[in-house]
Amino acid sequence: MTSVIEVSHLTKRFRDTVALDDVTFALEGDTIYGLLGRNGAGKTTLMSIVTAQSFATTGKVSVFGEAPYENARVLNRVCFVRDDQAYPSSATALHAFRIARLCFPNWDQALADRLVTDFRLPLKTNIKKLSRGQRSAVGAIIGVASRAEVTFFDEPYLGLDAVARQAFYDRLLEDYAEHPRTIVLSSHLIDEVANILERVIVLDNGRVIMNDAADDLRNRAVVITGDSAAVAAFTAGREVIHRQNLGNVTAVTVLGGMSPQDRAALAANNLEVSPVTLQQLVVRTTQDAPRSTAAA
Amino acid sequence: MIDEGKSLFLQIAERVEDSIVDGSLTEESQAPSTNELAAFYRINPATALKGINLLVDKGVLYKQRGVGMFVTSGARAALLAERRAAFADTYLEPLMAEARKLGLNAEDLAALIGERFNERIKQ
Numbered sequence: 001m002t003s004v005i006e007v008s009h010l011t012k013r014f015r016d017t018v019a020l021d022d023v024t025f026a027l028e029g030d031t032i033y034g035l036l037g038r039n040g041a042g043k044t045t046l047m048s049i050v051t052a053q054s055f056a057t058t059g060k061v062s063v064f065g066e067a068p069y070e071n072a073r074v075l076n077r078v079c080f081v082r083d084d085q086a087y088p089s090s091a092t093a094l095h096a097f098r099i100a101r102l103c104f105p106n107w108d109q110a111l112a113d114r115l116v117t118d119f120r121l122p123l124k125t126n127i128k129k130l131s132r133g134q135r136s137a138v139g140a141i142i143g144v145a146s147r148a149e150v151t152f153f154d155e156p157y158l159g160l161d162a163v164a165r166q167a168f169y170d171r172l173l174e175d176y177a178e179h180p181r182t183i184v185l186s187s188h189l190i191d192e193v194a195n196i197l198e199r200v201i202v203l204d205n206g207r208v209i210m211n212d213a214a215d216d217l218r219n220r221a222v223v224i225t226g227d228s229a230a231v232a233a234f235t236a237g238r239e240v241i242h243r244q245n246l247g248n249v250t251a252v253t254v255l256g257g258m259s260p261q262d263r264a265a266l267a268a269n270n271l272e273v274s275p276v277t278l279q280q281l282v283v284r285t286t287q288d289a290p291r292s293t294a295a296a
Numbered sequence: 297m298i299d300e301g302k303s304l305f306l307q308i309a310e311r312v313e314d315s316i317v318d319g320s321l322t323e324e325s326q327a328p329s330t331n332e333l334a335a336f337y338r339i340n341p342a343t344a345l346k347g348i349n350l351l352v353d354k355g356v357l358y359k360q361r362g363v364g365m366f367v368t369s370g371a372r373a374a375l376l377a378e379r380r381a382a383f384a385d386t387y388l389e390p391l392m393a394e395a396r397k398l399g400l401n402a403e404d405l406a407a408l409i410g411e412r413f414n415e416r417i418k419q
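Residue numbers (the working numbering), protein chains in the order written: chain A, 1 to 296; chain B, 297 to 419.
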């Protein structure tokens, strides 16, 4: 598979803060990515620069092999749905969709109409007067119906109720199956999107700390629970990312898969092993608690 | 419905195997497509494809160009044999671990199993 976007040694500074710190990665064609990380990790900044809405301090961005700035050949193949998209003061959703239709050559009006029904979106109300969820729906519809070769969604679910979020994921997946393309979902609701992601990129403090196949991350860490002394003995020398005590019972999150020998040792010592969800893994690896080894 | 900690594509392959084992997906009939599996389990189509490919490599499914995936003749018998072989490890080991904790020995277990079996037959 070939890369559609390549980012190398990208750094972005705002006065004293470093929003992106030497970021390098590539996005492949026809893949759904999760772009995860805490608030302020640099996700929105990264998406803005890649879509030519903001400038890098240093580093290089290439989209379909070209520099994206003021480059129409590239920009109408890329769609960035911002969570805080600004619209002209008197614009309605209908206006926004008409503009999108002109911008994006693959726009599917029938799909947009169906999504309007799914989201129960009023078309003739001024966007400024819509609720937060309805404004998110406008962006979500543009993102899906534009069918751009690369689409970025920045927290597309803000204010959407559970029914609307499910409709969004289902329609996105359905349309992706028929029309594969590259989709980047920036989300804090990790559990909701975990199963539809093929790859996961995690940003923390402006750096890429994970860039892996989602399936590999499912086996990246486990929680080991049991008698504190037995847990300490088993986890000695392993990389512990979280620890919790309840009386004589300790629950420890360790990185690394469990070999059959490990499983046998765990069973022999009456220790319980439970899987760590993608959301828990991201929480544990991006929280500020200092890392420690079991021996410490 | 989806179990954390186990590769998703393996789980998808197991679900399809389950339907073959329980007879809801018969031999020589068409298996669900990658996109149908993706929509039903709400997973990435690439993951569903990986699961399907695993079953093709295993000889459980075969591809008919331009039509789709079909269940191989003899797949059910092969899966039953495989599952019977794995039965002790998958089901008896955890059962015995709990039995040991409770102080039940092999005879106690055998008696309990016999009792339950007979109850089921009466129903």
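Treat the hints as calculated values from the structure; they're not laboratory data. Keep in mind it's a predicted model, so treat the numbers as computed, not measured. Hints may contain errors.
[As the list claims (entries may be wrong)] Covered stretches of chain B, as calculated for chain A (at least 3 residues, CB under 8 Å): (1) 321-335; (2) 356-368; (3) 408-414.
[Claimed, not checked] Derived EDC-like pairs (lysine to aspartate or glutamate); straight-line CA-CA distance at most 20 Å: (4) B:LYS359 with B:GLU332; (5) B:LYS346 with A:ASP227; (6) B:LYS346 with A:ASP216; (7) B:LYS302 with A:GLU178; (8) B:LYS346 with A:ASP22; (9) B:LYS346 with B:ASP314; (10) B:LYS359 with B:GLU324; (11) B:LYS397 with A:GLU6; (12) B:LYS346 with A:GLU272; (13) B:LYS302 with A:GLU192; (14) A:LYS60 with A:ASP22; (15) B:LYS302 with A:GLU174; (16) B:LYS302 with A:ASP212; (17) A:LYS129 with A:ASP83; (18) B:LYS346 with A:GLU198; (19) B:LYS397 with A:ASP227; (20) B:LYS302 with A:ASP30; (21) B:LYS346 with A:ASP83; (22) B:LYS302 with A:GLU198; (23) B:LYS302 with A:ASP216; (24) A:LYS60 with A:GLU70; (25) B:LYS302 with A:ASP262; (26) A:LYS60 with A:GLU6; (27) B:LYS346 with A:ASP212; (28) B:LYS346 with A:ASP215; (29) B:LYS354 with B:GLU389; (30) B:LYS302 with B:GLU389.
No residue lacks a Cβ here, since even glycine has one placed at the ideal position from N, Cα and C.
Exercise for the section: Quick one: which hint numbers does this structure break? Sort them smallest to largest. Expected result: 2, 3, 5, 7, 8, 11, 12, 15, 20, 21, 29
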